[in-house]
Amino acid sequence: MEYSTEFLLRPVRGAQPLGSKKKEIPSRFVQQLLTEWLDQASLPTEVGGIKATPVLESSSSEIQDVPEGNISQERAYPHAFDQSSPEGMARASIANAANRMSLALDAFEDGDIFQVSSRLGEAAVSLSVAHQKLGRDNPLAALVGYMKRSLLVADVDALTRASIEAMNSVLLRCANSPIMRLTEAARQSGLLERNGWRGDEPAIAALAAAVLNQAASEDASTGQTAIVE
Amino acid sequence: MSARSFLDTTIVLVASDASRSEHKGSVACIADNAPAEAPQYALRELLAGDLQNLCDLHNRLKSADNIGEALAGLASLPPFVGRKKSSGIEEFARQLEERFSTAPETPLVNVKDEMAQSLALKIVRIWVAACESSNWTLVQPLSCFRGGEFDYGAEGDLRAPSDTFNCDKSSRCSAAGYMYDRVGSVSKLSDVLHPDKLPEKLQGKAEVASRRKALKDLRNSGPKSFNKRGCRALGDAYFVVMCPPGASVISTNSIDFDLMCEAVGGKLIVP
Numbered sequence: 000m001e002y003s004t005e006f007l008l009r010p011v012r013g014a015q016p017l018g019s020k021k022k023e024i025p026s027r028f029v030q031q032l033l034t035e036w037l038d039q040a041s042l043p044t045e046v047g048g049i050k051a052t053p054v055l056e057s058s059s060s061e062i063q064d065v066p067e068g069n070i071s072q073e074r075a076y077p078h079a080f081d082q083s084s085p086e087g088m089a090r091a092s093i094a095n096a097a098n099r100m101s102l103a104l105d106a107f108e109d110g111d112i113f114q115v116s117s118r119l120g121e122a123a124v125s126l127s128v129a130h131q132k133l134g135r136d137n138p139l140a141a142l143v144g145y146m147k148r149s150l151l152v153a154d155v156d157a158l159t160r161a162s163i164e165a166m167n168s169v170l171l172r173c174a175n176s177p178i179m180r181l182t183e184a185a186r187q188s189g190l191l192e193r194n195g196w197r198g199d200e201p202a203i204a205a206l207a208a209a210v211l212n213q214a215a216s217e218d219a220s221t222g223q224t225a226i227v228e
Numbered sequence: 000m001s002a003r004s005f006l007d008t009t010i011v012l013v014a015s016d017a018s019r020s021e022h023k024g025s026v027a028c029i030a031d032n033a034p035a036e037a038p039q040y041a042l043r044e045l046l047a048g049d050l051q052n053l054c055d056l057h058n059r060l061k062s063a064d065n066i067g068e069a070l071a072g073l074a075s076l077p078p079f080v081g082r083k084k085s086s087g088i089e090e091f092a093r094q095l096e097e098r099f100s101t102a103p104e105t106p107l108v109n110v111k112d113e114m115a116q117s118l119a120l121k122i123v124r125i126w127v128a129a130c131e132s133s134n135w136t137l138v139q140p141l142s143c144f145r146g147g148e149f150d151y152g153a154e155g156d157l158r159a160p161s162d163t164f165n166c167d168k169s170s171r172c173s174a175a176g177y178m179y180d181r182v183g184s185v186s187k188l189s190d191v192l193h194p195d196k197l198p199e200k201l202q203g204k205a206e207v208a209s210r211r212k213a214l215k216d217l218r219n220s221g222p223k224s225f226n227k228r229g230c231r232a233l234g235d236a237y238f239v240v241m242c243p244p245g246a247s248v249i250s251t252n253s254i255d256f257d258l259m260c261e262a263v264g265g266k267l268i269v270p
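Residue numbers (numbering that gives the first Met the number 0), protein chains in the order written: chain S, 0 to 228; chain B, 0 to 270.
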């Protein structure tokens, strides 16, 4: 069985070099050792029919280092991938929404605008379910809410391949690596925004507009308007 | 020959918020005047000004137990945009009313949480875009400015990067240090902002008076003794003084910049 052990070889944040001389570590040998260690020590094991997996702290506000990539997140935060947990159920719904967006792209390529609209609605329903399962202070919940509202108010006539691809890309990112910091959630919503999606909550958009001393933007209440790029 | 530009806080904000109607025009203006540079002072002003107001709004919304508390919390915010504050709250109340009339069975806590999430994401999106934009290069680093990431606190409140909107208490004002290297320009601005010389539109503006006082303090006492509290009062003067030779300041605010740019022979572009 093969596992990615690359993340374990990265330098630990805050670690100080012990000496001035840099020691050469045979990385292939270390990698092999780590792979064997993972095989023996940290694989999920079945106890009395229940899968026992190592559980690490995963409160969103206390995430110190979010491992990159699918496999490492699945190891570090198994509850987010466990389909019987609320987070796991949310993740499944997000994956379902991604699937609906793939079908929306098929319909877009066929020029079937009504089918595109239906697929967006289906994806929004899946995201609504996911949103209800996620904790209120979870950055993923904020991003899922943004995507749900974007899909609900989208102007189907203004959709482009890039906008659909962007939405699908973010959905897949969320399904594959659901643990993220607020900054990453903001980056992903920024990608959507740059591709024409508008998911700010309407009352918040109005209030933020006043705070930021801007003229009330029609974008805030009518959803997607001009598609950039 | 390509034009160079130096961005102030207002243009950095608009170019970092793609939901605004002026966004496209601002980004195009920056591209037309590439290469563009934004001083870290713009990030410091953005964080301590607009983003702090929005963060405060988030935390008041989050702590409200009912609609009345939410509105009272908003009404007691500092007068962030003068007379526009009340219109913002009115619009917010109208949107809330619409929300509850279309889905009256929705529990308030769900509505409130979704709004707070949306606001948190908006704040951080603007911050991340300002810090990471490929439309400009960040220059003139400030050692007194910490930066970093927004995050949720243990109670779900939104926390500033490094848990503060202010500069490092133990450092002296880096912005004043940069400006003092061009003390001649500082003097010119201090003179031109004299109340007797101000055009009618700037007469009686408290912001202009406090800016002149900060400039005079800097000119007279130098950066080592400069009171850090005057950092934000320097405001627009920082961009005028620190704009690189041959570059133009880009700002959405012509009222405050026109006079100062003219005084130091600088050029201003308003998208």
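It should be emphasised that the hints constitute simulated quantities derived from the structure, not laboratory data. Among the hints, erroneous ones may be present.
[Stated by the list, open to error] Here are some of the chain B residues that sit facing chain S, going by a computed Cβ distance under 10 Å:
#1 L12
#2 F91
#3 Q94
#4 L197
[To be verified] Covered stretches of chain B, as calculated for chain S (at least 3 residues, CB under 8 Å):
#5 105-115
#6 179-189
[Stated by the list, open to error] Restraint-style ranges between C-beta atoms, simulated for each label pair:
#7 S/D109 to B/G67: 47 to 55 Å
#8 S/H78 to B/V108: 20 to 28 Å
#9 B/V108 to S/S116: 26 to 34 Å
#10 S/S116 to B/L76: 48 to 56 Å
#11 B/T101 to S/S84: 26 to 34 Å
Please read all numbers here as calculations on a predicted model, not as lab measurements. No residue lacks a Cβ here, since even glycine has one placed at the ideal position from N, Cα and C.
A quick look at each hint next to the structure:
no. : hint                         : verdict
1   : L12                          : 7 Å, holds
2   : F91                          : 4 Å, holds
3   : Q94                          : 3 Å, holds
4   : L197                         : 22 Å, violated
5   : 105-115                      : holds (count 4)
6   : 179-189                      : violated (count 0)
7   : S/D109 to B/G67: 47 to 55 Å  : 51 Å, holds
8   : S/H78 to B/V108: 20 to 28 Å  : 24 Å, holds
9   : B/V108 to S/S116: 26 to 34 Å : 31 Å, holds
10  : S/S116 to B/L76: 48 to 56 Å  : 40 Å, violated
11  : B/T101 to S/S84: 26 to 34 Å  : 32 Å, holds
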